[in-house]
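Participant: Protein chains in written order, with this note's numbering: chain A, 3 to 115; chain B, 3 to 117.
Check each hint, because a few of them may be wrong.
[Stated by the list, open to error] Which bits of chain B does chain A cover? Going by a derived footprint, with three or more residues having C-beta under 8 Å, they are:
id, segment
1, 44 to 51
2, 102 to 112
[Stated by the list, open to error] Pair by pair, the computed Cβ-Cβ distance ranges are:
id, chain 1, residue 1, chain 2, residue 2, range
3, B, Ser12, A, Ser88, 16 to 24 Å
4, B, Asn29, A, Gly42, 15 to 23 Å
5, A, Gly42, B, His74, 19 to 27 Å
6, A, Pro108, B, Gly62, 23 to 31 Å
7, B, Pro42, A, Ser72, 32 to 40 Å
8, A, Ser72, B, Ile55, 31 to 39 Å
9, B, Asp61, A, Arg65, 34 to 42 Å
10, A, Arg11, B, Glu60, 31 to 39 Å
11, A, Gln56, B, Glu17, 41 to 49 Å
12, A, Ser53, B, Glu17, 45 to 53 Å
To be clear, the hints were calculated from the coordinates, so they are not data collected in a lab. Cβ atoms here follow ideal geometry from the backbone N, Cα and C, with glycine treated the same way.
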Amino acid sequence: KAGVTQTPRYLIKTRGQQVTLSCSPISGHRSVSWYQQTPGQGLQFLFEYFSETQRNKGNFPGRFSGRQFSNSRSEMNVSTLELGDSALYLCASSTQDPSYEQYFGPGTRLTVT
Amino acid sequence: DQQVKQNSPSLSVQEGRISILNCDYTNSMFDYFLWYKKYPAEGPTFLISISSIKDKNEDGRFTVFLNKSAKHLSLHIVPSQPGDSAVYFCAASGIGGGSNYKLTFGKGTLLTVNP
Chain A
3 KAGVTQTPRY LIKTRGQQVT LSCSPISGHR SVSWYQQTPG QGLQFLFEYF
53 SETQRNKGNF PGRFSGRQFS NSRSEMNVST LELGDSALYL CASSTQDPSY
103 EQYFGPGTRL TVT
Chain B
3 DQQVKQNSPS LSVQEGRISI LNCDYTNSMF DYFLWYKKYP AEGPTFLISI
53 SSIKDKNEDG RFTVFLNKSA KHLSLHIVPS QPGDSAVYFC AASGIGGGSN
103 YKLTFGKGTL LTVNP
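Pulled out of the complex, with its shape left as it was, chain A reads as follows (with noise of 0.2 Å):
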C-alpha cells in the first residue's frame, strides 16, 4: 500500500499571502488530522476530519481552515500568512478513529517571509 503523501513538500510564500496544502490518506483511510511542528513545540493538532466531516479543531485562529473530498484527501488552507506560521505541516491518515495509530505523510516545510 502506498503511504501517505503530501504535496508539495517545501514551499516558500511571503507575510500576508495564502497558501493551500494538500494531503491523500492511505487507500481505505477515512481520518484525516493535520498537525502543525514548530522547533521546540511539538506537534500541535490543528484538527481531523472524517467522512467530510471536521470532527475535532485544534485551538488555531480561523487563518487556518481544511477540508476533506469524498475520496478521503485532504487539503489544509492557511490566510494572510505570518512570519510566525513558518513550520513543518504534517498531514496523518488512519482508519476511523485517529485515537489510536496513526499514519504520518512526510510533511510540507512552509517558510514564510
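Given chain A's structure and the hints, the job is docking chain B onto it.
Facilitator: For chain B alone, kept in the frame of chain A given last:
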C-alpha cells in the same frame, strides 16, 4: 496547558546501553499511549503503544512502561543502536472515556546514540 510533557529535550547514550525516555501526562481521561519516532525530513512513525489496562508492553528492543497512579510512562530501548538516533514523541488519547479523535503529543526528546 501542556497535557503531555517530555521534560528532557535531549538524551545521549552509548551504543549497546539502555535508553530511557520519559513522559508525564496530566489529563486523567487519557487511557491510550503511544510512542512515535521521527527522523529529519520524514514524518513520525509509530513505534509502540500501551493501553491503560496494562502496565507494560514489549516489542523487540522496545518496552513501554505505564504508571497510572503517577501519570508517567517511559520507553526503554535495549540495546540502543546508532540507528535509533531520532526524535521520540510521546502521545496520548482518550478511548474509554470517549474519543475526541485526536492524539495529544509531547514536545519530543532527541535521542543520540553514540557508536
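Participant: All the hints need checking, so say for each whether the structure fits it.
Facilitator: Verification of the supplied hints:
1. 44 to 51: holds (count 6)
2. 102 to 112: Per the Cβ count (9), the hint holds.
3. B:Ser12 to A:Ser88: 16 to 24 Å: Taking Cβ atoms as reference, Ser12 of chain B and Ser88 of chain A lie about 23 Å apart, which means the hint holds.
4. B:Asn29 to A:Gly42: 15 to 23 Å: 21 Å, holds
5. A:Gly42 to B:His74: 19 to 27 Å: 22 Å, holds
6. A:Pro108 to B:Gly62: 23 to 31 Å: Check passed, 25 Å falls within 23 to 31 Å.
7. B:Pro42 to A:Ser72: 32 to 40 Å: 35 Å Cβ-Cβ, so the 32 to 40 Å window holds.
8. A:Ser72 to B:Ile55: 31 to 39 Å: 37 Å, holds
9. B:Asp61 to A:Arg65: 34 to 42 Å: For Arg65 of chain A against Asp61 of chain B, whose Cβ atoms are near 41 Å apart, the range 34 to 42 Å holds.
10. A:Arg11 to B:Glu60: 31 to 39 Å: Between Arg11 of chain A and Glu60 of chain B, where Cβ atoms are some 36 Å apart, the hint holds.
11. A:Gln56 to B:Glu17: 41 to 49 Å: 45 Å, holds
12. A:Ser53 to B:Glu17: 45 to 53 Å: With a Cβ separation near 47 Å, Ser53 of chain A and Glu17 of chain B satisfy 45 to 53 Å, so the hint holds.
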